[in-house]
Amino acid sequence: MSSSTTSGLLDNGTSEVIDPDTYFDTHKPPKFLAEDERKIEEFVNRNSKTGRRIVLITSGGTAVPLENNTVRFLDNFSAGTRGATSAEYP
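Residue 13 in full-length UniProt numbering sits at position 13 of the sequence shown, with consecutive numbering throughout.
If you are wondering where the hints come from, they were derived from the structure by calculation, not from laboratory data.
Careful: at least some of the hints might be erroneous.
Across the chosen pairs, the derived CB separations fall in these ranges [as the list claims (entries may be wrong)]:
(1) A84 - K49: 17 to 27 Å
(2) N69 - K49: 39 to 49 Å
(3) R53 - T81: 17 to 27 Å
(4) I18 - T50: 39 to 49 Å
(5) T22 - G51: 14 to 24 Å
(6) A87 - L33: 19 to 29 Å
25 Å max Cα-Cα, derived DMTMM-like pairs, lysine to aspartate or glutamate [unchecked claim]:
(7) K49 - E35
(8) K39 - E88
(9) K39 - E67
(10) K49 - E88
(11) K39 - D25
(12) K28 - E41
(13) K28 - E88
(14) K31 - D21
(15) K31 - E67
(16) K31 - E42
(17) K28 - E42
(18) K28 - E67
(19) K49 - D36
(20) K31 - E41
(21) K31 - D19
(22) K49 - E37
Bear in mind the structure is a predicted one, so any value in this text is a computation, not a measurement.
Note that the Cβ used here is the ideal one computed from N, Cα and C, for glycine as well.
All chains should be modelled from the sequences, with the hints used to inform the complete structure.
Next comes the structure, spelled out in structure tokens:
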């Protein structure tokens, strides 16, 4: 049975609990992160010149490992259509 620790992180009693900063400091970034960052920066630079407000909405599937030797992970197999629709139709 899992329980919540005082830090707000989950602990099932069998695995080491780490905070998000530790996780990102010790795991490789996504394969296409640099390319995605470049595309976002290009989009923001191009559209900020027009005076339009800019909002970044992320959507789609997610897979997050629960441990260093990834055996278990949280998975959301979403196609991202709801996020895209939300962005297109205010």
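Structure-based check of all given hints:
no.	hint	verdict
1	A84 - K49: 17 to 27 Å	24 Å, holds
2	N69 - K49: 39 to 49 Å	47 Å, holds
3	R53 - T81: 17 to 27 Å	23 Å, holds
4	I18 - T50: 39 to 49 Å	42 Å, holds
5	T22 - G51: 14 to 24 Å	41 Å, violated
6	A87 - L33: 19 to 29 Å	21 Å, holds
7	K49 - E35	22 Å, holds
8	K39 - E88	19 Å, holds
9	K39 - E67	30 Å, violated
10	K49 - E88	21 Å, holds
11	K39 - D25	24 Å, holds
12	K28 - E41	21 Å, holds
13	K28 - E88	32 Å, violated
14	K31 - D21	19 Å, holds
15	K31 - E67	19 Å, holds
16	K31 - E42	19 Å, holds
17	K28 - E42	24 Å, holds
18	K28 - E67	13 Å, holds
19	K49 - D36	20 Å, holds
20	K31 - E41	18 Å, holds
21	K31 - D19	22 Å, holds
22	K49 - E37	19 Å, holds
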